[in-house]
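There are 2 protein chains.
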Amino acid sequence: MAEDKKLVEAITSMDVDFAQWYTDVVKKAELIDYTSVKGCMVIKPAGYAIWELIQSQLDARFKETGVENVYLPMFIPESLLQKEKDHVEGFAPEVAWVTHGGLEPLQERMCVRPTSETLFCDFYANEVHSYRDLPKVYNQWCSVVRWEKTTRPFLRSREFLWQEGHTAHATAEDAQARTIQMLNVYADFLENVLAIPVIKGQKTDKEKFAGAVATYTIEALMHDGKALQSGTSHNFGDGFAKAFGIQYTSKENKLEYVHQTSWGMTTRLIGAIIMVHGDNSGLVLPPRVAPVQVAIIPIQQKKEGVLDKAYELKERLKGFRVKVDDTDKSPGWKFSEQEMRGIPVRIEIGPRDIEANKAILVRRDTGAKIEINLDNLENEIATLLDTIQKEMLERAREHRDAHTYTATNYEEFLQTLNEKPGFVKAMWCGDRACEDKVKEDAAATSRCMPFEQENLSDVCVCCGKPAKKMVYWGKAY
Amino acid sequence: MAEDKKLVEAITSMDVDFAQWYTDVVKKAELIDYTSVKGCMVIKPAGYAIWELIQSQLDARFKETGVENVYLPMFIPESLLQKEKDHVEGFAPEVAWVTHGGLEPLQERMCVRPTSETLFCDFYANEVHSYRDLPKVYNQWCSVVRWEKTTRPFLRSREFLWQEGHTAHATAEDAQARTIQMLNVYADFLENVLAIPVIKGQKTDKEKFAGAVATYTIEALMHDGKALQSGTSHNFGDGFAKAFGIQYTSKENKLEYVHQTSWGMTTRLIGAIIMVHGDNSGLVLPPRVAPVQVAIIPIQQKKEGVLDKAYELKERLKGFRVKVDDTDKSPGWKFSEQEMRGIPVRIEIGPRDIEANKAILVRRDTGAKIEINLDNLENEIATLLDTIQKEMLERAREHRDAHTYTATNYEEFLQTLNEKPGFVKAMWCGDRACEDKVKEDAAATSRCMPFEQENLSDVCVCCGKPAKKMVYWGKAY
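Chains as they are written, first to last, in the working numbering: chain A, 1 to 477; chain B, 1 to 477.
Bound-form chain A, shown alone (with noise of 0.2 Å):
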């Protein structure tokens, strides 16, 4: 028994040191390893399963909307990124400077992307002549670089897979209304398929992306308090489109700039999945983007029938990501190991359950034991996987509602966001000086200025002088 335990021991209890915890549930999940090339990671299989889920579903959530993929180059050549310039100030510290091709040094060197709006804007420039071309709405999935000093894997790293849906309309209505479509896109995705709530909202002008004109984005509260960012969306109006000369012929006959948005997420998802749902015994996967959805577990597998039993089992769930797991481990072992991983629900069958024509199912989010009729095996697994997946979704949201919190003057501010980790909210003036005090007094940001107001207090809570919005305020990764 003191083998069955192993892979569970190894864990740093959650409330002891999160972010350790974090540490852990990643590597002991087998999601990432290390390498040799610095704030760089592998994603194993089990966490490269996880993205192919969550890439086929929001893909063709895009598509619904009329998306189509592409693929542009992962070099920007120096002079393409200047040419917007609160985009280059944004991200020129942080890329990757390739400076040779082969054995010759370039004429000008390039950049691996960060992100690619010039790319787009230069492709626009060439694509779009008249209204007839417009929309166009394009993403790719692909990998961006930023040389971060300090990496975290999925939360931060140099290199991170995403999509990056570019558009580009005719008008600033039609380009406001694809920036919170997509957004809503987000939101639902989040909810419905990572069980993971969200609060949508704008961002601060402090907190926007480089080159946007706004910027929305969801954010979700992880298990520890913090918040996380966990997609965004943004209209850029006309500013790249000026930059970069991409203009069209109205059905007027008149020269126009078309208005542009981008939206993103990232691998980051996965990290949000891991500090959302998961616990001391390791990862909890919502059933939805789970590689493995069931885990058969033969008790005495030795015994004449049993394992037959367990194969048979699989090909009666088809419909559904199962596992036997035959290997030679004991049966704790095994239990520990779906833990780990986060499979939603394990099959125990031996001798006597055989003979009974029943199975223990266990979830993996509850612990909760129900012995079942094998008779009913595909309903009660359909249903269980729902009702798992509803309910990871309804438990995140009580722990964020539990965890957020309202301030309407500064010494009670600041004591919540240093003494009880969650969102607060407290209303703002609108002033950079603000945030600028609040991040140095409690070392807190602006969340967004959500869609859905409330009128806390008249006044801003850091300065007092009338309120515009109110905020969500937090720690965040």
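No lab work stands behind these hints, which were simulated from the structure alone.
Take these hints with a grain of salt, some might be off.
Since copy identity is lost for identical chains, a pair holds within one copy or between any two.
27 Å max Cα-Cα, derived DSS-like pairs, lysine-lysine [unchecked claim]:
no.	residue 1	residue 2
1	K63	K28
2	K208	K83
3	K329	K136
4	K329	K254
5	K318	K251
6	K390	K85
7	K38	K226
8	K251	K303
9	K309	K63
10	K85	K149
11	K136	K38
12	K38	K85
Dock chain B against the given chain A, drawing on the hints supplied.
Leaving out everything else, chain B in the frame of chain A:
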């Protein structure tokens, strides 16, 4: 009517200038666009959708054989690249070097991966300890960079998309079996999905991959009689394992080196599709990789009921990829566009057809028109797409066979290579000197030593010494 022909007239005839015809198709079918990044291209929606269909069907075949997907960093530190001598010599002259991260010079420069053997070896050295950890059968979908001097869309570009499988096995036999297994997956995929027949064989030492013990290849013949290496599978033996120290403890408790393989296919396959199946009206796509399989083109679409009927037919063809062209262009223009884009079948439906409960199906590959009763629509389309898929393969096979020659003396050999575009089968002594001479005399290379050997003569076609192998020779992309 002048306008109707515009799309077609812009294409160079393939018999006049095949290279220009290729470039015209690639542009007019909207597969790619050139960019400000020299030697790199944008893959546009019509091109990327083909890649997505290649990717999803190939990936499913991989997974059936137990392949798991992962993601490794895009950067390789110089010291890592240098660990295997032949490998670094093969790739160092054509890699892009990153020398700065953000504002600081790097302590060690890194190249953007041209291929990831070295990274996988570094990873496996950490991961593999016991025979229980084997085999590792990992693959990644990513982009790679090779600093080519001259580039052509899909065929040779500085950045391209591909998959690269990298495996580690306990024994030499297991590695060899996996090498051949994947070559067979590739050959089957080309024949049954891309409708491209291939010659399977082994590369000569001169043509094999840098660092491999043996390289296997599938070679296809393009319409102009040039060969295209379409996929390769390499057996590395334990050479990389020794360079990187990848060892495991066997069941007998002995320390052993692993045996490795790698195998890859790229966006070059899209070039193969174009050059095998295309014609003077543009692209011709095999149904299984056609993003749109059926274009419904309404005739006199302003007449009542015509567009409604077109949408009704689309609705009935839900199991297929169908598009209704309801733009305000003329039918002739739409026909040209559907032909240029290679859509396998078009349905012409007008008021008289509707009245008669009929429609005209037109095959893209042969131009044949088929009048069908609308009651049989679903079956007719299913059967026709199957027929097209099969006949495209057969026509490509006939073309290849008709352009495959044999030669038993050097004069005949050179004359055939120079005057009859195609494969030339001839015997070879096994010496590199003869390959070098053929390259100098006819600008041709050994494509492969086919698995299906024939004894055409007892002596080498070049030097007259005893022959060891029958070889396919040709001029290649």
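Checked hints:
Proximity of K63 to K28 under the C-alpha cut-off of 27 Å is restricted to the inter-copy arrangement: shortest distance 24 Å between copies versus 35 Å within a copy. In this assembly of identical chains, K208 and K83 lie within 27 Å of each other by CA distance solely inside one copy; the values are 19 Å within and 44 Å between copies. In this assembly of identical chains, the alpha carbons of K329 and K136 lie at most 27 Å apart only when taken from different copies (20 Å versus 54 Å within one copy). Only between protomers do K329 and K254 lie at most 27 Å apart by alpha-carbon distance; the minimum there is 23 Å, versus 73 Å within a single protomer.
In the homo-oligomer, the alpha carbons of K318 and K251 never lie at most 27 Å apart, since the shortest distance is 54 Å inside one protomer and 35 Å across protomers. For a Cα distance limit of 27 Å, the shortest separation of K390 from K85 qualifies neither inside one copy, at 45 Å, nor across copies, at 55 Å. In this assembly of identical chains, the alpha carbons of K38 and K226 lie at most 27 Å apart only when taken from the same copy (26 Å versus 44 Å across copies). In the homo-oligomer, the alpha carbons of K251 and K303 lie at most 27 Å apart only across protomers (25 Å), although the nearest pairing inside one protomer, at 78 Å, exceeds that limit.
Proximity of K309 and K63 under a CA criterion of 27 Å is satisfied inter-copy only: 25 Å between copies versus 41 Å inside one chain copy. Taking the shortest Cα distances, K85 and K149 sit within 27 Å of each other inside one copy (24 Å), while across copies they are farther apart (33 Å). In this assembly of identical chains, the alpha carbons of K136 and K38 lie at most 27 Å apart only when taken from different copies (24 Å versus 37 Å within one copy). Proximity of K38 to K85 under the C-alpha cut-off of 27 Å is restricted to the inter-copy arrangement: shortest distance 24 Å between copies versus 30 Å within a copy.
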